[in-house]
Amino acid sequence: MHRIVEIEDRVLETPSTVTWRFPYAEPCAPGQFVMVWIPGDDELPMSLSYTDGPSKGVTIKAMGSTTRHVQSLPTGTRIGIRGPYGNRFDLTPRRILVVGGGSGTAVLAPGAEQALRSGAQVTCALGATTELELLFAKRLTAAGARVEVSTDDGTAGTPGFVTAVADRLLAEGSFDAVWTCGPEVMMRKVAESARSRGIIGYGSVERHMKCALGMCDACSLGPYHVCVDGPVFRTETLLSLEEFGRTKRDPSGRRVPL
Amino acid sequence: MPDLSVELAGIPLRNPLLLASGIWGESGRSLIGAWDAGAGGVVTKSIGSRPRPGYPNPTVEEFDSWGMLNAMGLPNPGIAEYPREIRAARDHGVLVIGSIFGGTAEEFARLAREMATTGVIALELNLSCPHAEGFGTEIGSDPKDVEEVVRAVVREVKVPVIAKITPNAADPAELAVAAERAGAKGISAINTVRGLAIDTTLARPVLAHGIGGLSGPAIKSVGLAAVWQIYRRVQIPIVGVGGISSGEDVLEYVMAGARAVEIGTAVAREGVRVFGRIAQELDRVLSERGTDRLGSLVGAAHRGFEIPTADFPP
Numbered sequence: 001m002h003r004i005v006e007i008e009d010r011v012l013e014t015p016s017t018v019t020w021r022f023p024y025a026e027p028c029a030p031g032q033f034v035m036v037w038i039p040g041d042d043e044l045p046m047s048l049s050y051t052d053g054p055s056k057g058v059t060i061k062a063m064g065s066t067t068r069h070v071q072s073l074p075t076g077t078r079i080g081i082r083g084p085y086g087n088r089f090d091l092t093p094r095r096i097l098v099v100g101g102g103s104g105t106a107v108l109a110p111g112a113e114q115a116l117r118s119g120a121q122v123t124c125a126l127g128a129t130t131e132l133e134l135l136f137a138k139r140l141t142a143a144g145a146r147v148e149v150s151t152d153d154g155t156a157g158t159p160g161f162v163t164a165v166a167d168r169l170l171a172e173g174s175f176d177a178v179w180t181c182g183p184e185v186m187m188r189k190v191a192e193s194a195r196s197r198g199i200i201g202y203g204s205v206e207r208h209m210k211c212a213l214g215m216c217d218a219c220s221l222g223p224y225h226v227c228v229d230g231p232v233f234r235t236e237t238l239l240s241l242e243e244f245g246r247t248k249r250d251p252s253g254r255r256v257p258l
Numbered sequence: 001m002p003d004l005s006v007e008l009a010g011i012p013l014r015n016p017l018l019l020a021s022g023i024w025g026e027s028g029r030s031l032i033g034a035w036d037a038g039a040g041g042v043v044t045k046s047i048g049s050r051p052r053p054g055y056p057n058p059t060v061e062e063f064d065s066w067g068m069l070n071a072m073g074l075p076n077p078g079i080a081e082y083p084r085e086i087r088a089a090r091d092h093g094v095l096v097i098g099s100i101f102g103g104t105a106e107e108f109a110r111l112a113r114e115m116a117t118t119g120v121i122a123l124e125l126n127l128s129c130p131h132a133e134g135f136g137t138e139i140g141s142d143p144k145d146v147e148e149v150v151r152a153v154v155r156e157v158k159v160p161v162i163a164k165i166t167p168n169a170a171d172p173a174e175l176a177v178a179a180e181r182a183g184a185k186g187i188s189a190i191n192t193v194r195g196l197a198i199d200t201t202l203a204r205p206v207l208a209h210g211i212g213g214l215s216g217p218a219i220k221s222v223g224l225a226a227v228w229q230i231y232r233r234v235q236i237p238i239v240g241v242g243g244i245s246s247g248e249d250v251l252e253y254v255m256a257g258a259r260a261v262e263i264g265t266a267v268a269r270e271g272v273r274v275f276g277r278i279a280q281e282l283d284r285v286l287s288e289r290g291t292d293r294l295g296s297l298v299g300a301a302h303r304g305f306e307i308p309t310a311d312f313p314p
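Sequence order for the protein chains is A and B. Heads up, the first sequence is in the working numbering, so the first residue is 1 and it goes up one at a time. Heads up, the second sequence is in the working numbering, so the first residue is 1 and it goes up one at a time.
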């Protein structure tokens with residue numbers, strides 16, 4: 001059952017990402033997502049970028065015309081929320097490497113904050129196309145994480161892909177777990193690096209969603225349904241799936257390249 | 001241990017619990033998941049002539065524990081693409097019933113011919129989706145149309161044809177009679193019950209399509225009544241559908257006249273584990289009643305039943 005709430009705060013995080021905060025009292029955990037209904041338009045699955053307290057948050061990346069329109073909605077707009085759905089990040093590891101690509105960092109940030117509050121050491125490798133697109137680098141630094149960044153165009157941090165930074169950090173330090181979210185090609189590389197070092201990895205994945213209840217099969221990924229079995233999976237599991245990093249299903253259920 | 005196996009339109013099933021059409025059936029791997037979890041067979045998503053994305057979201061509204069409203073809009077990959085999903089399931093040994101939907105008898109016949117070549121054990125004709133313009137209930141509410149479609153399909157295929165009929169008609173049993181007359185080897189009853197949810201804050205329907213189909217515990221007695229009335233009018237086996245989530249529910253449907261059942265919405269609540277749980281419960285309720293064979297109870301509630309008069313005796 002959905003609940004109607006008002007967008008109480010709208011923050012332009014980067015030129016292409018917007019965060020909405022809204023009152024929603026349901027307990028939510030890092031890694032989980034909600035279905036966000038924009039009446040008259042669409043209902044979209046969105047991972048929570050803020051999970052604590054009475055005010056939750058989602059961070060929306062402009063992907064196409066729908067998301068661009070959705071981003072432009074002002075404070076006070078009424079939206080419907082149902083959930084939270086899906087599983088959560090395991091917050092027990094004490095030394096965590098967080099590898100976020102682009103807006104993928106939105107999914108990882110609340111878990112990193114919670115882990116830091118409980119005394120864990122969190123190192124973040126955050127990648128973006130360009131400096132202005134770096135998401136939540138300040139937020140995670142303020143929470144006490146060691147943050148290293150990379151940009152494709154070299155405007156900030158290490159030039160190139162974040163996977164190179166992740167590899168270096170993995171070589172330098174010792175970690176109990178790696179969390180990752182971003183483009184699946186990137187996640188695949190991170191998963192392989194974690195595996196080669198015998199470190200347990202978790203990745204949050206995205207698929208087209210309709211019901212979010214484990215029923216309609218739209219988000220099927222191998223034998224799993226991302227909405228109820230995920231969105232967080234062990235990276236070992238992801239690496240074993242033929243579809244991971246290669247295909248998804250379109251709204252009709254056809255398999256199409258990612 | 002009681003025997004849960006049943007025969008449906010000449011097909012032996014290890015148990016009567018089928019995955020309902022529309023649930024989990026978009027990918028072959030999901031069909032395998034339901035089978036491995038203990039389903040006696042699986043019904044595919046309804047497949048049409050072309051890929052179809054379905055309606056925009058919201059497509060589903062969940063109510064506390066009593067039901068769910070959906071208007072997916074018959075999303076499916078289309079008959080050209082879908083057979084590979086069926087083959088993946090068939091290669092795993094899954095008994096697959098292929099569901100199809102068309103807008104005319106000719107379209108149904110063409111789809112049936114193609115679906116029948118994929119190794120399905122039977123066809124289920126979707127004559128009952130309550131929320132798709134030009135399909136489902138729109139061509140399944142009139143016995144004449146049902147008869148025409150079933151006749152066109154039966155002519156084309158050797159596998160048994162099951163007609164899934166709508167509860168959203170004046171007399172669902174009349175539709176079943178028409179299907180039997182046209183050569184159907186089974187009846188599935190019921191599809192979802194036409195329903196609506198309105199958000200009163202926004203003063204607008206919740207689902208993008210407005211009208212949807214209600215499923216879950218709320219419709220169990222609607223389905224039971226349909227099965228009951230159909231059982232009294234046809235000889236062919238009935239697949240009971242609607243609000244089943246326990247072994248006791250299955251037994252009710254069987255006693256009303258169902259030979260097998262389809263389970264859908266309950267899968268959303270607990271995943272395909274539901275098949276194993278319901279099979280166990282069925283086993284227990286049969287043992288408690290000292291019955292060693294489920295099949296012997298089909299239609300048991302009709303035996304000796306008569307409608308009493310409501311009038312004072314003359």
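Hints were generated in silico from the structure; no laboratory data involved. Glycine is no exception: its CB is placed at the ideal position from the N, C-alpha and C atoms. Check the hints yourself; a few may be wrong.
[To be verified] With beta-carbon atoms standing in for the labels, derived distance ranges:
hint : chain 1 : residue 1 : chain 2 : residue 2 : range
1    : B       : ARG87     : A       : SER196    : 34 to 42 Å
2    : A       : ALA171    : B       : LEU196    : 58 to 66 Å
3    : A       : SER118    : B       : PHE63     : 16 to 24 Å
[Claimed, not checked] Derived contacts from chain B toward chain A, CB cut-off under 7 Å, selection only:
hint : residue
4    : TRP24
5    : SER27
6    : ARG29
7    : THR59
8    : VAL60
9    : ASN76
10   : LEU202
11   : ALA268
12   : GLY295
13   : VAL298
14   : HIS302
Quiz item: So which hints don't hold here, by number, going up?
Solution: Those not satisfied are hints 3, 12, 13, 14.
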